[in-house]
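A.B. asks: Chains as they are written, first to last, in our numbering: chain A, 35 to 305; chain W, 35 to 305.
The reader is advised that the hints may include incorrect statements.
Each pair may be met inside one copy or between any two copies, as identical chains are not told apart.
Only pairs whose alpha carbons sit at most 25 Å apart, straight line, appear in this in silico DSS-like list of lysine-lysine [said to hold, decoys possible]:
| hint | residue 1 | residue 2 |
| --- | --- | --- |
| 1 | K279 | K82 |
| 2 | K177 | K279 |
| 3 | K120 | K251 |
By construction, these hints were calculated from the structure, which means they are not laboratory data.
There are 2 protein chains.
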Amino acid sequence: MTNSAPIGVFDSGVGGLTVVKEIMHQLPRESIIYFGDTARLPYGTKSKETIITYTRQIVRFLMAKGVKSIVVACNTASAFALETVKTEVNIPMIGVVKPGAKVAAEATRNGNIGIIGTEGTISSGIYNEFLSLTNPNVQVYGKACPLFVPLVEEGLIEDPVTLEMARRYIGELLAHNIDTLVLGCTHYPLLRRTIRKTVGGTVRLVNPAYETAKSLKEILIDCGLENESLLQMDHTFYVSDGAEKFRRFANSILPCEVIETKDVNIEELMI
Amino acid sequence: MTNSAPIGVFDSGVGGLTVVKEIMHQLPRESIIYFGDTARLPYGTKSKETIITYTRQIVRFLMAKGVKSIVVACNTASAFALETVKTEVNIPMIGVVKPGAKVAAEATRNGNIGIIGTEGTISSGIYNEFLSLTNPNVQVYGKACPLFVPLVEEGLIEDPVTLEMARRYIGELLAHNIDTLVLGCTHYPLLRRTIRKTVGGTVRLVNPAYETAKSLKEILIDCGLENESLLQMDHTFYVSDGAEKFRRFANSILPCEVIETKDVNIEELMI
Chain A
35 MTNSAPIGVF
45 DSGVGGLTVV
55 KEIMHQLPRE
65 SIIYFGDTAR
75 LPYGTKSKET
85 IITYTRQIVR
95 FLMAKGVKSI
105 VVACNTASAF
115 ALETVKTEVN
125 IPMIGVVKPG
135 AKVAAEATRN
145 GNIGIIGTEG
155 TISSGIYNEF
165 LSLTNPNVQV
175 YGKACPLFVP
185 LVEEGLIEDP
195 VTLEMARRYI
205 GELLAHNIDT
215 LVLGCTHYPL
225 LRRTIRKTVG
235 GTVRLVNPAY
245 ETAKSLKEIL
255 IDCGLENESL
265 LQMDHTFYVS
275 DGAEKFRRFA
285 NSILPCEVIE
295 TKDVNIEELM
305 I
Chain W
35 MTNSAPIGVF
45 DSGVGGLTVV
55 KEIMHQLPRE
65 SIIYFGDTAR
75 LPYGTKSKET
85 IITYTRQIVR
95 FLMAKGVKSI
105 VVACNTASAF
115 ALETVKTEVN
125 IPMIGVVKPG
135 AKVAAEATRN
145 GNIGIIGTEG
155 TISSGIYNEF
165 LSLTNPNVQV
175 YGKACPLFVP
185 LVEEGLIEDP
195 VTLEMARRYI
205 GELLAHNIDT
215 LVLGCTHYPL
225 LRRTIRKTVG
235 GTVRLVNPAY
245 ETAKSLKEIL
255 IDCGLENESL
265 LQMDHTFYVS
275 DGAEKFRRFA
285 NSILPCEVIE
295 TKDVNIEELM
305 I
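Construct the complete structure from the given sequences, taking the supplied hints into account.
C.D. replies: Okay, structure coming up:
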């Protein structure tokens with residue numbers, strides 16, 4: 035393993051690109067290999083067993099590409115599969131839940147924390163678990179927001195329809211007097227402005243993508259794995275379906291231009 | 035094969051239940067085995083190859099259950115996989131596209147027909163193909179409506195948000211002076227009232243679910259396969275994930291109570 039080896043990042047689709055963006059910003063010398071499982075999205079409505087199977091396949095794919103570390107840039111896969119699959123690999127593997135939960139538990143002043151995410155993430159109770167580990171006195175209120183992902187993928191990021199849905203979903207949490215809200219799905223940071231309008235100026239919004247990139251940086255330094263070479267980084271994007279659509283979306287999110295994406299048949303890969 | 039054998043019906047999820055409802059209504063003596071591929075939905079954004087693979091697996095599952103006929107109650111699978119997979123089985127197999135297209139081509143007076151459906155169905159151009167076969171003079175205008183399925187699954191069937199999205203999606207088609215609109219996704223008949231408000235009273239709405247049940251009846255009669263026994267029918271519902279959620283949805287749509295649904299791991303089935 036050389037320090038110039040890439041970091042593997044994966045998600046069910048395009049959402050994980052918000053994590054890639056933070057990694058590019060906080061770790062500008064690192065190369066990234068991204069896998070978006072667009073053929074099998076969404077993950078948020080699927081069962082734990084299914085998500086573990088998918089995660090194992092993708093981790094095997096990334097390992098074969100020689101990554102030095104893996105970031106599970108999907109809250110559902112972090113909730114359902116990370117603990118199981120990380121014991122099966124010999125490189126650092128982190129998810130987005132723990133870094134986000136830690137910051138939220140430290141940030142709250144009145145102890146009332148809201149979490150928004152997919153049905154899978156919310157019903158798993160994973161955020162409650164990690165939040166209580168850091169701060170046993172917090173009250174956690176979760177709300178699944180199933181329309182947010184399709185609204186983002188339709189490009190309706192600051193649309194009145196999205197604002198209306200945000201008011202309905204998040205209104206319930208505001209009634210519990212939350213002072214901190216975790217954006218518990220990697221698509222949601224793209225709705226940041228709309229969510230800010232809904233919650234007002236005083237609620238702290240926690241973006242696990244940002245916290246995850248920060249954690250990754252610490253881990254790479256701790257393990258002596260950060261890239262110190264001045265050679266140019268090289269980012270590669272793989273998807274299991276719809277490479278062209280993915281490329282357009284990636285170019286609207288990332289600070290660098292994504293010139294090419296590659297289709298991979300993840301179910302038939304025998305690595 | 036006995037005439038009392040069940041009819042196999044499948045869809046990517048709950049949408050195909052609108053076809054089941056019509057079959058129960060028009061063929062009240064027939065038993066039904068339904069498969070909803072809830073672990074791998076949605077189909078509408080996936081590639082042709084992926085949909086053919088999934089369809090083959092489900093058809094094998096239904097054949098093993100002894101069905102006498104198969105209805106592909108999913109527009110995307112009808113568009114992408116029916117022509118290929120029907121040649122591989124020795125029982126009648128029909129989809130929802132052809133019956134819907136035929137009625138629309140016959141119903142239009144000014145020759146301008148609108149089709150709404152998933153991205154997969156619309157980009158496949160399958161409705162244009164079948165419409166032109168019946169009536170070469172029609173002009174066909176397609177519009178993908180990616181938010182309609184998640185809106186239905188959130189239960190927002192007559193919600194102002196859904197009405198707003200319907201106005202945006204269908205407004206484009208109305209500008210082409212359509213007099214006929216095909217509800218080209220099995221979820222959409224559940225939005226019938228909202229769509230009616232959007233198009234006004236004069237546009238003819240074509241529900242392929244109704245036309246498909248009618249075609250199925252004709253085929254069973256032509257093949258001498260209709261059930262004439264007076265024994266009670268028996269309906270069974272299988273899903274690849276989330277049986278309990280499916281059961282609740284089914285009970286809100288179907289005229290009979292769905293007491294039990296069964297989980298099936300479709301990817302690991304070796305039939």
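A.B. asks: It remains to establish, for every hint, whether it holds in the given structure.
C.D. replies: We went through each hint and held it up to the structure:
{"no.": "1", "hint": "K279 to K82", "in the structure": "between (28 Å within a copy, 15 Å between copies)"}
{"no.": "2", "hint": "K177 to K279", "in the structure": "between (29 Å within a copy, 17 Å between copies)"}
{"no.": "3", "hint": "K120 to K251", "in the structure": "within (18 Å within a copy, 54 Å between copies)"}
The structure meets every hint from the earlier list without exception.
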